[in-house]
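Peer 1: Residue numbers (numbering that gives the first Met the number 0), protein chains in the order written: chain D, 0 to 317; chain F, 0 to 317.
Everything labelled a hint here was simulated from the structure, so no lab data went into it. Using N, Cα and C, we set each Cβ at its ideal position, and we do this for glycine too. Just so you know, not all the hints are guaranteed correct.
[Unchecked claim] Not the full set, but computed from the structure, chain F residues with beta-carbon under 10 Å of chain D:
#, residue
1, 115
2, 116
3, 180
4, 220
5, 248
[To be verified] Simulated restraints on C-beta separations:
#, chain 1, residue 1, chain 2, residue 2, range
6, D, 85, F, 85, 22 to 28 Å
7, D, 285, F, 210, 29 to 35 Å
8, F, 158, D, 232, 19 to 25 Å
9, D, 269, F, 199, 41 to 47 Å
10, D, 95, F, 179, 37 to 43 Å
11, F, 179, D, 30, 22 to 28 Å
12, F, 179, D, 270, 27 to 33 Å
13, F, 76, D, 258, 56 to 62 Å
14, F, 175, D, 158, 37 to 43 Å
15, D, 35, F, 270, 27 to 33 Å
16, F, 139, D, 85, 56 to 62 Å
17, F, 59, D, 189, 45 to 51 Å
2 protein chains.
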Amino acid sequence: MTGARQAAVAAVDWGTSHLRIWLLDRDGMVLDERRSGEGLLKTGADGFAGVLARHLADMGTDDALPAIICGMAGSRQGWLEVPYVDVPAALDAVLGRAERVPGLAREVAIIPGLAQRDAAAPDVLRGEETQLAGVPGLRGAREALVAMPGTHSKWVVVRDGSVSGFGTWLTGELFSLLASQSILRHALAGADFAVAADDPTFAAWLGSAVAEPSTLSAALFRIRAATLLQGMQPAKAAAALSGLLIGSEIGAARQRFGAGVETVTLVASGPLGALYAAGLAQAGFTVARADAEAAVREGLAAAARQRWPQRIKPEVPA
Amino acid sequence: MTGARQAAVAAVDWGTSHLRIWLLDRDGMVLDERRSGEGLLKTGADGFAGVLARHLADMGTDDALPAIICGMAGSRQGWLEVPYVDVPAALDAVLGRAERVPGLAREVAIIPGLAQRDAAAPDVLRGEETQLAGVPGLRGAREALVAMPGTHSKWVVVRDGSVSGFGTWLTGELFSLLASQSILRHALAGADFAVAADDPTFAAWLGSAVAEPSTLSAALFRIRAATLLQGMQPAKAAAALSGLLIGSEIGAARQRFGAGVETVTLVASGPLGALYAAGLAQAGFTVARADAEAAVREGLAAAARQRWPQRIKPEVPA
Numbered sequence: 000m001t002g003a004r005q006a007a008v009a010a011v012d013w014g015t016s017h018l019r020i021w022l023l024d025r026d027g028m029v030l031d032e033r034r035s036g037e038g039l040l041k042t043g044a045d046g047f048a049g050v051l052a053r054h055l056a057d058m059g060t061d062d063a064l065p066a067i068i069c070g071m072a073g074s075r076q077g078w079l080e081v082p083y084v085d086v087p088a089a090l091d092a093v094l095g096r097a098e099r100v101p102g103l104a105r106e107v108a109i110i111p112g113l114a115q116r117d118a119a120a121p122d123v124l125r126g127e128e129t130q131l132a133g134v135p136g137l138r139g140a141r142e143a144l145v146a147m148p149g150t151h152s153k154w155v156v157v158r159d160g161s162v163s164g165f166g167t168w169l170t171g172e173l174f175s176l177l178a179s180q181s182i183l184r185h186a187l188a189g190a191d192f193a194v195a196a197d198d199p200t201f202a203a204w205l206g207s208a209v210a211e212p213s214t215l216s217a218a219l220f221r222i223r224a225a226t227l228l229q230g231m232q233p234a235k236a237a238a239a240l241s242g243l244l245i246g247s248e249i250g251a252a253r254q255r256f257g258a259g260v261e262t263v264t265l266v267a268s269g270p271l272g273a274l275y276a277a278g279l280a281q282a283g284f285t286v287a288r289a290d291a292e293a294a295v296r297e298g299l300a301a302a303a304r305q306r307w308p309q310r311i312k313p314e315v316p317a
Numbered sequence: 000m001t002g003a004r005q006a007a008v009a010a011v012d013w014g015t016s017h018l019r020i021w022l023l024d025r026d027g028m029v030l031d032e033r034r035s036g037e038g039l040l041k042t043g044a045d046g047f048a049g050v051l052a053r054h055l056a057d058m059g060t061d062d063a064l065p066a067i068i069c070g071m072a073g074s075r076q077g078w079l080e081v082p083y084v085d086v087p088a089a090l091d092a093v094l095g096r097a098e099r100v101p102g103l104a105r106e107v108a109i110i111p112g113l114a115q116r117d118a119a120a121p122d123v124l125r126g127e128e129t130q131l132a133g134v135p136g137l138r139g140a141r142e143a144l145v146a147m148p149g150t151h152s153k154w155v156v157v158r159d160g161s162v163s164g165f166g167t168w169l170t171g172e173l174f175s176l177l178a179s180q181s182i183l184r185h186a187l188a189g190a191d192f193a194v195a196a197d198d199p200t201f202a203a204w205l206g207s208a209v210a211e212p213s214t215l216s217a218a219l220f221r222i223r224a225a226t227l228l229q230g231m232q233p234a235k236a237a238a239a240l241s242g243l244l245i246g247s248e249i250g251a252a253r254q255r256f257g258a259g260v261e262t263v264t265l266v267a268s269g270p271l272g273a274l275y276a277a278g279l280a281q282a283g284f285t286v287a288r289a290d291a292e293a294a295v296r297e298g299l300a301a302a303a304r305q306r307w308p309q310r311i312k313p314e315v316p317a
C-alpha cells in the first residue's frame, strides 16, 4: 500500500441484523467497504472477534488496524456490554466513552448507547448516538428535533450538542408483523410493499393518523374492512398500512416533541426516507435530510479522531 | 328420547378457530354441547357439511334436526357467503335474514354479519351481531355502549334495538404477535401471560394508556427499556403489555364512543373479562357484565325462534 491510501482505522456499524465495515484513511476518506448479514443474530461460530478479523484480513489489512464500533455489538447480547450513558448526554462526550474490548491484540473500542432513566418514559438506544454525532452541524446546533425511522424509529431532541431526550416507535417492526402475520396479511397478499411516497392512499391514511394518532389500533382493521367492502387492492392496502403507521408515529411524536418546532432533521436512507419526508411535510414540518449511512460513518470517524488523533486528522471546522 | 328432552334445534357458533354446538330443546334449554377446534381454518376434508353432520350424529340426533349458525362460517372463506347487513341494523331483523345453505337435506341457516360502509371508518363484524341479540335486555335498550373484547375487540353502539355503529381494535392479535414475535418477546420470555386484574403494573400501564392512547406505539418499547433499565421481570412485562394494549383500546374507544356514556356493557368470559372489567372501572365507567358464551347461545336461540316457531317456543317477555 502507498502511504496516502493506507487504512488508518476500521469504522464498524454492527447491529442486530447487519454488519457494515468501512476502511478510512488518515483524512477520514473511505478506502473500502463491506456489508454483511452477520449481525448480532448471526455471528456464528467465529464469534465477534473472528468475524471482524476475517473481514479485515479479506480487505487486506493487518492486525494492527484499530476498529471503532457502534450499535448492538455493545449490548448485553453483543460482544462487550458497554454501559449506557444517561441523558442529557453531550454527543462528543459519548463518543469519548467508547470502551476497549479486552484480551485482543487489535485495539477495538465500542461506543456506548444512551439511556433515558425516566420512570414514565424509560428508553434506550444504541447506534443512533453515533449517527447523531455524524449528522452535519448537529453537534453544534442550539436545538434540533431529529427523526430516525427504521425497525425501531427514534425521535431525538438535541440541545447545544447534547441529547436531552428521546422516544422509540416500533413502526418498522409493526409493519413487518402486521403485513406478514396478522389478519391484514390477507389484505396485503402479493403486494411488494414498495410504497410510493406520492401514493394518494399513503397520503390519505397518513393524514388521518397524524391528526388522530390514538386511532392506530382501531384503524388497522379498517384496512381489512376496506378490502371486503370497498375492493381495496393489496398494493393500496400496503400503502394504507404504511401511511397509518408512519402517520401515527409522526402525529404522536409531534404531540410529544413538536411544540414550537418548524424543522425536523430526517436521518434516513432510500425509500423509507422518501416516505418519511413526504409524511413530515404533510404534517407541516420543514424537512432537513441527512443520509443515515453517511451519518453513522461520519460519527464513527469522529470517534476515531478523538481516540486516535495520531492516526486520523482532526475535523476541519465548517 | 322422551318428548320433553328431545332436541329441537342445533345452535352453532362457527368461528375462525373454534366450533361450538349446543342442542336446544323446545323451551330453548341446553340438552347437550360440543366444543371443537374445527374452526374455519381446520374444517379439513369433511368440509363444513361433513363436520356438522358428524358432530350432530355423534350427539344422537338425526338428519331432520335444523341448525342455526353464526360466525365466520358465513364469510367468503366460510361455508356460504351471507352478505353483510348494513348499519344501522335492527338486531331482530338481522337474525331474520339468516340464509339457508342450499343442496342439503338438513335445514341449515347462517346469520349475516354487519357492515359499516363509512368511507372514513369502514368496518365489519360476524358473530357479534348474534351475541348482541343474546345479551339480556339489549334488544330493548334505548341506548347502550357494548365492549366485546377478544382477538379483534368490537365496540358497538346500540340504539333502540339497532346497531348504529361500531369499531374494531386488534388488541388480542397485537398482544399475541408482540408477546411472541417482536423485540418484546425477550421482555416477556417465560411469562405465562396470566395477568391478574388487580396487578398494580397492569393498572399503572393501563392508566397512562387510557389517558393518552396515542402513545401506544411509543410506549411498547418502554417495556423493553424497563427490563433493561429497571429490571422489570417477565410477568410484570406481560402485565404492562396487557395494560398498555387494553388501556389504549379503552381510551380510544372512550374518545370515539364514550361522550355522555356512564355504563358499558361488557360481553366477555373468563380472565379477559376480569381484565376489561378492571380497566373499564379504572377509566370511570360503570360495568354491566354479560357472559359471552351465554350471549351467543341466547342469540342463536332467538334466531331459531324466529325461523322455526313450531319447533321452539317464543321468548317469555321479561
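Peer 1: Verify the CB-CB distance for residue 95 of chain D and residue 179 of chain F against the hinted window 37 to 43 Å.
Peer 2: Given range 37 to 43 Å: holds, Cβ gap about 40 Å.
Peer 1: Given the hint of 45 to 51 Å, is the C-beta distance from residue 59 of chain F to residue 189 of chain D inside that range or not?
Peer 2: holds (47 Å)
Peer 1: Look at the Cβ atoms of residue 179 of chain F and residue 270 of chain D and judge whether their distance stays inside 27 to 33 Å.
Peer 2: The hinted range 27 to 33 Å holds for residue 179 of chain F and residue 270 of chain D, with Cβ atoms some 29 Å apart.
Peer 1: A range of 41 to 47 Å was offered for this pair. Does it hold for the Cβ distance of residue 269 of chain D and residue 199 of chain F?
Peer 2: holds (44 Å)
Peer 1: Indicate whether the distance between the beta carbons of residue 35 of chain D and residue 270 of chain F respects the range 27 to 33 Å.
Peer 2: Violated: the Cβ-Cβ distance is about 46 Å, outside 27 to 33 Å.
Peer 1: Does the Cβ-Cβ separation between residue 158 of chain F and residue 232 of chain D fall within 19 to 25 Å?
Peer 2: With Cβ atoms ~35 Å apart, the hint is violated.
Peer 1: With 22 to 28 Å as the target window, see if residue 85 of chain D and residue 85 of chain F comply at their CB atoms.
Peer 2: Taking Cβ atoms as reference, residue 85 of chain D and residue 85 of chain F lie about 56 Å apart, which means the hint is violated.
Peer 1: Is the gap between the beta carbons of residue 175 of chain F and residue 158 of chain D within 37 to 43 Å?
Peer 2: Check passed, 40 Å falls within 37 to 43 Å.
Peer 1: Hold the hint about residue 220 of chain F up to the distance rule: shortest CB distance to chain D must be less than 10 Å.
Peer 2: This hint holds: residue 220 of chain F lies near chain D, its Cβ roughly 4 Å from the closest one there, short of 10 Å.
Peer 1: How does the Cβ-Cβ distance of residue 76 of chain F and residue 258 of chain D compare with 56 to 62 Å: does it lie in that range?
Peer 2: violated (47 Å)
Peer 1: Taking the beta carbons of residue 179 of chain F and residue 30 of chain D, is their distance inside 22 to 28 Å?
Peer 2: violated (44 Å)
Peer 1: Does the closest beta carbon of chain D sit nearer than 10 Å to the beta carbon of residue 115 of chain F?
Peer 2: Check passed: Cβ of residue 115 of chain F comes within 8 Å of chain D, closer than 10 Å.
Comparing the model with each earlier hint shows violations of hints 6, 8, 11, 13, 15; every other hint is respected.
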